[in-house]
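Novice: Put together the whole structure using the sequences plus the hints.
Chain residues, written in single-letter form:
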Amino acid sequence: MTRSNLPDAVEFARRIRAHALRMVHAAKASHIGGCLSMADILAVLYTRILRVDPADWRQPSRDRFVLSKGHATAILYAALAERGFFPVDDLKTYCCDGSIFTGHVSHAVPGVEVSTGSLGHGLPIAIGMALAARSAGAGSRAFCLLSDGECDEGSNWEGILFAPHHKLDNLVAIVDFNKIQSFGTVAEVLNLDPFAEKWRAFGWHVQEIDGHDIAALDQALSEVPAMPGRPTAIIAHTVKGKGVSFMENKLEWHYRSPSDEQLVAALAEIGA
Amino acid sequence: MRNTFIASLSEIAANNPNVWLLCGDLGYSVLEPFAAKFPERYINVGVAEQNMAGIAAGIALSGKTVFIYSIGNFPTLRCLEQLRNDVCYHGADVKVVAVGAGYAYGSQGYTHHALEDVAIMSMLPGIEVFVPCDPIEVRAATHLIAASGKPSYLRISRAGEPVLNATPPDNVRRPRLLREGQDIVMFASGPLAAQCLEAAASLAQRGRDVGVFSVSCLKPFDDDFIRAVARNASLMVTVEEHVLRGGLFSSVATALAGEPRRMPVVGIGVPEMGGKTSIAGSREALLKAAGLSVEAITDRIERALAKDSA
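Sequence lines, in order, name chains H and X. So the first sequence is residues 1 to 272, counted in our numbering. So the second sequence is residues 1 to 310, counted in our numbering.
One or more hints might be untrue.
[As the list claims (entries may be wrong)] Derived Cβ-Cβ restraints for the label pairs, each shown as a range:
(1) X:Asn171 / H:Asp97: 53 to 61 Å
(2) X:Tyr28 / H:Glu197: 34 to 42 Å
(3) H:Glu248 / X:Glu81: 28 to 36 Å
(4) X:Glu81 / H:Ala138: 41 to 49 Å
(5) H:Phe246 / X:Asp223: 42 to 50 Å
Hint data in this document are derived by calculation from the structure and do not stem from the laboratory. We treat Cβ as the ideally placed atom computed from N, Cα and C, and that holds for glycine.
Specialist: Quick look at the structure:
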């Protein structure tokens, strides 16, 4: 698929936000806030960046995408459906008995590379994929999307130390930096600041961008490697619950599921 | 054992370009031959076992066979969740190799004693678990797991363990006969098989008919083999450099639990609390303190026989 006939990223983001809201509402599930904060990142990845063919997605030379914040799975499933990995109608089975669409990312779902859910696992796996890809010489890249809260995990910092040492410039770590983690703000729970400086000090090429700016995301994610010999970290400043005013920047939407009325209001706000 | 392992892995890697080896900054004077021959497939990940296990999963999910190597509990317990989720849940072709089984690191202390690892690793879904008794079995197990396509755990001792049976096993998944004998049957996992052979010789001098098998494959466990041997025995004995819970004794007892005629099974292993030693000691001293010396093993069997005939 050439870039010109790929779906429009803005419209793609709008559609996957709507799917995620409906899925979380129907399943009475959690984590809508972290789904909405990363919607635009997924939209750019799946419409403009990732070299993967939904019709034959296990080709060895494909790009790899690892969602390390595996709790925000509804919107990943939505993105895969919109991109054609499986019918959009399948999303209705999210979290239902017997469905493959579990409440944390499952590799039983077409297009999903690895199951995640326990935090701090994705980046090391993506590093392994980047190493194998470099060894194979096919030019494929590994992208890993992390939450800010999971940057508390020591395993991530083991990986952050490893990747620049091995000059893995086909690796991209994107942090959905929405500033709210499970039980409080990042600043309150375990402050990451100065966050970008930490990554730089470890040897990464770091870009700080507005994680809801499609053009900025496109530019940052298109430049891989942005600096030969260095992995890329994109600190994407985002808003938890982005697009639904009553969910934005509210910790409770890490857990709550919208009521019928709230779903209607939320869908109206995002124009679905 | 560890030198046999790396020699075997080097043979395998020479014929299979998909074999990688990662280590957690351990393996000095052991891994160098592999690193020298296959530098593009060898990575010292650093002192970072969680990262090592995750990276191994990522490489394996890209179509490779990845061995990870470190000491005792470091490549197992330290990264257990990575092994459960990243490796076993995905069926990733990762082989965990731990050197320093049981008390192999002797006076290095409790942190370096691997006493629960077999039980814990055996709990993981789809993994195969091997505890070879001598260099011959190490070589066979290394070749088997390299070709199995499955997550695997290989628990090896250190260096200098004697060859207990020079004939390579046809199938390292089956118990291997080390000494003929049917009335008392001893099953050993790991290098303690050597102590079992000595104990058996001692018992034989007193007129006992004692057989010894090495059980190098703890999972999948060959229940049928155990049951078949048990039919002709009057006493079964398990010996392991590991706590009894979840190791060889548990597997043998489970295999026999449904048998109509159940004979006694004497489980000889490291006492759970006794393993928490804070006294320095060589492997031999620690084995003796745990009741795993040749004399202690022989005595346990004599006492069981006396109780049985009383």
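Novice: Each hint should be assessed against the structure and marked as holding or not.
Specialist: A quick look at each hint next to the structure:
no. : hint                            : result
1   : X:Asn171 / H:Asp97: 53 to 61 Å  : 42 Å, violated
2   : X:Tyr28 / H:Glu197: 34 to 42 Å  : 35 Å, holds
3   : H:Glu248 / X:Glu81: 28 to 36 Å  : 33 Å, holds
4   : X:Glu81 / H:Ala138: 41 to 49 Å  : 31 Å, violated
5   : H:Phe246 / X:Asp223: 42 to 50 Å : 59 Å, violated
Of the numbered hints given earlier, the model fails hints 1, 4, 5; all others are met.
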